[in-house]
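Line by line, the protein sequences give chains A and B.
Residue numbering for the first sequence follows this note's numbering, starting at 1 and increasing by one per position.
Residue numbering for the second sequence follows this note's numbering, starting at 1001 and increasing by one per position.
One or more of the hints may lead you astray.
Claimed, not checked - Each pair of labels, with its calculated beta carbon distance range:
{"hint": "1", "chain 1": "A", "residue 1": "PRO84", "chain 2": "B", "residue 2": "THR1005", "range": "27 to 37 Å"}
{"hint": "2", "chain 1": "A", "residue 1": "THR114", "chain 2": "B", "residue 2": "ALA1111", "range": "36 to 46 Å"}
{"hint": "3", "chain 1": "B", "residue 1": "SER1058", "chain 2": "A", "residue 2": "ARG41", "range": "45 to 55 Å"}
{"hint": "4", "chain 1": "B", "residue 1": "PRO1010", "chain 2": "A", "residue 2": "GLN17", "range": "34 to 44 Å"}
{"hint": "5", "chain 1": "B", "residue 1": "GLU1016", "chain 2": "A", "residue 2": "GLU18", "range": "27 to 37 Å"}
{"hint": "6", "chain 1": "A", "residue 1": "LYS78", "chain 2": "B", "residue 2": "ASP1054", "range": "44 to 54 Å"}
{"hint": "7", "chain 1": "A", "residue 1": "GLU18", "chain 2": "B", "residue 2": "GLU1076", "range": "18 to 28 Å"}
{"hint": "8", "chain 1": "B", "residue 1": "ALA1053", "chain 2": "A", "residue 2": "GLU18", "range": "40 to 50 Å"}
{"hint": "9", "chain 1": "A", "residue 1": "GLY28", "chain 2": "B", "residue 2": "ASN1002", "range": "45 to 55 Å"}
{"hint": "10", "chain 1": "B", "residue 1": "GLU1008", "chain 2": "A", "residue 2": "GLY59", "range": "45 to 55 Å"}
{"hint": "11", "chain 1": "B", "residue 1": "ASN1002", "chain 2": "A", "residue 2": "ASP57", "range": "36 to 46 Å"}
{"hint": "12", "chain 1": "B", "residue 1": "GLY1029", "chain 2": "A", "residue 2": "GLY16", "range": "45 to 55 Å"}
{"hint": "13", "chain 1": "B", "residue 1": "ASP1055", "chain 2": "A", "residue 2": "MET15", "range": "42 to 52 Å"}
Note that these hints are calculated values from the structure, not bench results.
Positions of the beta carbon are idealized from the N, C-alpha and C atoms, including for glycine.
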Amino acid sequence: DAGVIQSPRHEVTEMGQEVTLRCKPISGHNSLFWYRQTMMRGLELLIYFNNNVPIDDSGMPEDRFSAKMPNASFSTLKIQPSEPRDSAVYFCASSPGQPYPQYGYTFGSGTRLTVV
Amino acid sequence: GNSVTQMEGPVTLSEEAFLTINCTYTATGYPSLFWYVQYPGEGLQLLLKATKADDKGSNKGFEATYRKETTSFHLEKGSVQVSDSAVYFCALSAAGGATNKLIFGTGTLLAVQP
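In isolation and in its complexed conformation, chain B is listed as follows (with noise of 0.2 Å):
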């Protein structure tokens, strides 16, 4: 079945320091790959998505791109910032049956220091 693994964390940076994230995936065909965000005391937010095998998504200085070869979708950032402390879940969405359900990893908690 679909299902998706991400880095434990709490992973704690210093400002400014490089962030990765792994997310890896196991699904059939060609899923659509999503990294979302939750901020202290919100819903989970759309951060960036991929729609396809080589594709990058990027938004406020986050990236991750689809690699298909390995099957991860690895979020980095080159210089992070303590607003930038949040959760955030690696997510992917098969198409066909009912409905595009998103398959979402545990989550790995982000605390930026300054």
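Chain A extracted, bound-state conformation (with noise of 0.2 Å):
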């Protein structure tokens, strides 16, 4: 398996712009996180989804961001529009989920954005 994907790998926008970051999860894995990493506020997980629903969004910061699961094999997070302090790392994981705790996290490499 080629693991979770992400893309881009690196985004730089101008402030006011829509960004899309895309993610694949591992075939079979019917859970998916969206997480943000920053050096002030360390990693904070946004929305999950369980079989492409979301459960939480409690930690999408505001109404610019929204993300999505259409399908099992691909998931969107959106800003729009962009600020400059939404520039971060943002990651992709997924799980196998419930019953199988412990199987953990399986992590992308994430997508680096920078917001000008």
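Got two chains here, each in a separate frame; can you build the complex from them with the hints?
See the structure below:
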């Protein structure tokens, strides 16, 4: 398996532009997680899905952020409009989900977003 | 609620020194426990895990033992290398709920000097 695949690896955009980050989870994993990592705030859980359904989006910072999972093999995280404070590394992770808590997560390599 | 507390860094060691990174947890029931490692510029990778009390997880010379009596899962390595320099995250996963949500600690930066 190729693991969790994220694209793009790097994104530089201007303030006010729309940004879309993409994630392909491991086949057969039914849970998907989006994280944001910054020096100031560390690793933050933004939203997670189970069987393509959003379970908890309480970590999404504001309405400018939205996430979708139209099918089991694809998810997007969109920021519109983007702001400089959104600059961070965004990670996607997937997991077999319940009833297998012992398997943990597999993380993608991340997307480094820079908003100028 | 469930939580993980790990020692703050940075931890700076010389090559071949002994490493301990402390991790304690609060959880109901019997969680699974994990250590993840993040090398510079990369995502988090599973380093080792333990799923029940007294289990010892091990990988790449690192070890951690699931201690229920002290609610701890300390990471140890007998002789660190420069290549071990990374951020280490302790995490727990509790059964129940809609999915197996991992609760992460804040991470500990390890810097190994030659």
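Okay, the hints, checked on the actual structure:
Range check, PRO84(A) to THR1005(B): about 32 Å between beta-carbon atoms, so the 27 to 37 Å window is met. Separated by about 25 Å at the C-beta atoms, THR114(A) and ALA1111(B) break the suggested range of 36 to 46 Å. Our hint of 45 to 55 Å for SER1058(B) and ARG41(A) is violated, since their Cβ atoms are close to 32 Å apart. Between PRO1010(B) and GLN17(A), the C-beta spacing of about 36 Å keeps the proposed range 34 to 44 Å intact.
Our hint of 27 to 37 Å for GLU1016(B) and GLU18(A) is violated, since their Cβ atoms are close to 51 Å apart. Look at LYS78(A) against ASP1054(B): about 46 Å separates their beta carbons, and that is inside 44 to 54 Å. For the pair GLU18(A) and GLU1076(B), the supplied restraint of 18 to 28 Å is violated, since their beta-carbon distance comes to about 47 Å. For the pair ALA1053(B) and GLU18(A), the supplied restraint of 40 to 50 Å holds, since their beta-carbon distance comes to about 49 Å.
As the Cβ distance of GLY28(A) to ASN1002(B) is approximately 26 Å, the hint placing it in 45 to 55 Å is violated. At roughly 23 Å, the beta-carbon separation of GLU1008(B) and GLY59(A) lies outside the given 45 to 55 Å, and the hint is violated. Restraint check, ASN1002(B) to ASP57(A): a C-beta distance of roughly 19 Å breaks the suggested window 36 to 46 Å. Between GLY1029(B) and GLY16(A) the CB atoms are about 47 Å apart, so this pair conforms to the stated range of 45 to 55 Å.
One distance hint, 42 to 52 Å for the beta-carbon pair ASP1055(B) and MET15(A), holds here, with the actual separation near 49 Å.
Of the numbered hints given earlier, the model fails hints 2, 3, 5, 7, 9, 10 and 11; all others are met.
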